[in-house]
Amino acid sequence: MLDGLARRGFRCVGPQLRDGTIVYDDLTTIAQLPVGISDDQAPGTYVARKVGSPRCFAWANGPQALKPFLFAPQEPLWRAERRDGHIAFTLATTPGKPLACIGVRACDLAALALQDAHFLQLDDPYYAARRENLFIVAVDCTHPAPTCFCASTGDGPATQPGCEHGYDIALNELDAGYVARSGSTRGAELLAELELAAANASQIEQAQREVRRAAEQQTRALPGRNLRDALFANLDHARWQDVAQRCLSCGNCTLVCPTCFCHRQDEQPTLDGGASEHVRTWDSCFTEGHSHLHGHTVRPDTRLRYRQWLTHKLGSWHDQYGRSGCVGCGRCITWCPVGIDITEKATQICGSDHDE
Amino acid sequence: MMNNQLPFQAEVVERIQESASIFTLRLRLTDDEMRRHYRFAPGQFNMVYLYGVGEVAISIVSDPQNDDYLDHTIRALGRVTNGLSQLRAGDRLGLRGPFGRGWPLAETEGRDMLIVTGGLGCAPVVAVINYVVLRRERYGKLTIIQGVKHADELIWRERYRYWESLPNVQVLLAAEHGGTLWPFHTGLVTEVFDDAHLVPEKTTVMMCGPEGMMRAGCRALFARGIKPEAVYLSMERNMQCGVGLCGHCQIGGHFVCRNGPVFTYPQVSELIGVEGF
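Line by line, the protein sequences give chains A and B.
Residue numbering for the first sequence follows the numbering used here, beginning at 1 and increasing consecutively.
Residue numbering for the second sequence follows the numbering used here, beginning at 1 and increasing consecutively.
Treat each hint with caution, since some may be false.
[Said to hold, decoys possible] Beta-carbon label-pair distances, calculated as ranges:
#1 A:P76 with B:E107: 36 to 46 Å
#2 B:E107 with A:R213: 51 to 61 Å
#3 B:E191 with A:Q241: 34 to 44 Å
#4 A:A233 with B:S19: 40 to 50 Å
Everything labelled a hint here was simulated from the structure, so no lab data went into it.
Treat the numbers as computed from the prediction; the structure is a model and nothing was measured.
For each residue, glycine too, the CB sits at the ideal point set by N, CA and C.
Isolated chain B (complex conformation) (with noise of 0.2 Å):
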């Protein structure tokens, strides 16, 4: 574990443009010693340290298992991230983490695994679904529905179609505008529910996106017999120090930084979706 004070110096090994505005910054941590011994559960994050601009919190999609780099998908956005994205392989940058609650992985091998994102890329369930495929015989079906607002926000389709095609995995998109060419369902993400055929006792719910679906997607799972403790939401906060101690990210009395970012529905039940918070 790093000290989660001090940065450490990490090299751009690869970019890689996902969309126009998005991208993956492929890095490895310079010194050796500190690559061997850190390990990250997926849904934690980094807090990515560009020179003489600023840090930024990342969750890192890369496996777990994989000791050579950490890929962090970026939105260039703001100042930082769009400092980020000029950055090429071979420059560096500093990484302060892993910091945070990642998704419970262990506990929840055998059983189904339901992902639920809205939004852009959305790269905390990109982790996990990264992470149940390469363990495809540990864990039940998994099913990925994605919601986005037009159809051309959504990236990755080749993913979606190779996730798709391995043995028990189900793929469902939807588009609150979808247009002509859009294949896919032209609606709500909680309207494709019923087309996953869940098995509410032996499912587990993994979402993330914005609260405002969350909050609508819980809803509709309950209806369907899912139990709230089976749920797990991923929550965005503003975050500056990684180890709940400047308290901008706060939700009530959590600091999403240190008790989050990965939740169950009932921690956060009170406060989900509320204005303000």
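Chain A extracted, bound-state conformation (with noise of 0.2 Å):
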């Protein structure tokens, strides 16, 4: 599949084991996939390691998302070069070649579709250009961690295929070897290349009853789908501030989250004066500058950041793009410092205001 991937134009990127977390890398080989290892994941807390299964996708999602390969996390958008008093202004050219992303979960696929209302809904040049081309192999999630909670937004753990947002091939992988399915006409032309044999019954089976169970495993659940009158109908609720008394403001959670889109606009000009870069980053709403208004700050405090982040988060996403902006993926949960539970926080603040 690699070398079919590599013969069509794609840079094929795949889980591995760097740094002591499994994140997405260039992947040539497949003994660069993490065969072996798993993971622990709890509000806070990430270990890797050695299970010695023969599974090359037995862990639950790293800290990182599809998001920085769409979405990147910096990049020049345009340029301004100065001669003579007058200003050129050129736009910056976007990368190549097509990326193949191998061993996306269903909570990244939902965040997918999610950026992409963000981001094509508004023709943006730079994030359209790198979309166009994905390829995606999806793995069907069956190592949910203890953070996970896809089953109760309906995001996960089994991929869903779709015209737009869907999968070109996803995978189901057993102790020995992979169900393979297309969800998309050039996918199946891959798989067709590749001449498998087709799936017994009982490799089926088994392979949708290890889903089923990733769903069944997961202990952690919003308090409903839809929270966006019972969060503003608490604005003033005690909770926030008991949050805000332990949260650092250091903006981790918006970074893994896949869906968070804040991205603030900096130039970054020569030494020699003569030209200037106007670069986009990812920004965070629990920084300073996010709500700097001259002369005053919307939001000076951690508990109105917090507040800010949940509420756009779970509440008025809906107004801008008619779901929730939480895939349950639970990578906030894992990688905030002090371990703050988002599942929890909504939990304690919607009370019985929200819909079963």
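Using the hints, put the two standalone chains together into the complex.
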């Protein structure tokens, strides 16, 4: 499959163990996959460990999602050059080689659809250029972490085919091999080239059973799929202050979140002053600068910043894109240095004000 | 319409000092084609780019039918605006825009216009006042109410005097701290509403200023029979992209740069003046 993708001109990225976590990086051989590696996750904790399994995908998502491959953490938007007092502007070019991503989970596919809704609706040319030819090989999740809650948001653990946002190929990993299915014409073409043996009924049954079990294993859940009115009815809830006393306002949750889209724009002039690049960089609503207005800051303290994040993610996202901005990946829980749990906070703050 | 991500070069035609810290840059797009096609509505804004320093959102105050130049009234306050204040005629900068939704000026023809502003200058409503003044016969009574904290914050006194001299225009000024030489009302803007003798069913209100003032102003107007749908507010937030992508300007589900900056009162009533939004 990797050869087939490379022949089609794709740059392949896939999961591998790096710096103690499973991240996506350039993948040229399957030997790079994290075979026999799993992970222990809990609020504020992530440990990758060897489990001796023959599987390559026996883990729950690490910190990184698809997001950085499409919405770049930092990239130039345009460049200004000054000569003889005149300024000339040129658009920055976006990288040419299309990307194929191997091992994408259902939660990240759902997040991709949300990022698409934001960036493509507004014709962002930088995002659109990378998104256009993206090839996705999904792998159904069989090892949810204790921090995962995709079953409660309806985004996983099984991947759903879809014309725009779905996968090209989806795999179910078994101890001896994979059950593969295609979700697009080009996915079907690639699978046909591989001349695979048809999966038998017991292999398919085993694959489905493992995914069902992955849903049943999840212990965390949001208290409802639409918490918009419940959150905005509770803006003065005492729990906002409680969480602010623990929250470091570090912004980790927004950086690992696969749907957060905020970014700032800065200027990077060259040393000789002859040119200047206008660069966008991921930003976070937990920074002071995010809500800075001349003369005052709309959200000067942590209580207001955490409240902005949660009321946007689970509340006003519904107004913007017709659903919650949370896909249940649990990254914000694992990667919060003090282990703040979004499902717990939403449950406490919404109280009984939400629809079951 | 310009490409909304890439600035175009503009030239400073004139720089007008309005007060110690407020100035107007009269700009002209250097590309003929671009200048001919550029259209905006009062209340919309441009991202004004100072070479090597950055961009700032500034509302356009010149008349939309003036094809020669675009006026931007700016208060020198931060890195970009202080730098912009150093520019002189002939200097070049960048413009992206226009962005957002402006004031409802076509559908309000024939109605009385009540303009309420607080704070310094308040450029977004100056664009409306200029527009209505130039088309006086198309609108009913024009009432301009301006409130400031201190009397010495009032700029454009001569302009208010001129507006007041026009037919069917009333100007009411209020300062919380008036001082001995302040000839107008000392107190809050809401206290002069009764002097405006509003006819609620034929009045459209356009408001701009601190949110506390706007919220109090709306309440006072509703108590006088103005309908919430007849009240338009220009909101201000941190703006960087101008197209609803970067996320800084959100108020609840609204992207102020794209869905606003002009909103009807019912659109923003849930969160206006609420701390943290």
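Hints and how they fare:
no., hint, result
1, A:P76 with B:E107: 36 to 46 Å, "42 Å, holds"
2, B:E107 with A:R213: 51 to 61 Å, "59 Å, holds"
3, B:E191 with A:Q241: 34 to 44 Å, "36 Å, holds"
4, A:A233 with B:S19: 40 to 50 Å, "44 Å, holds"
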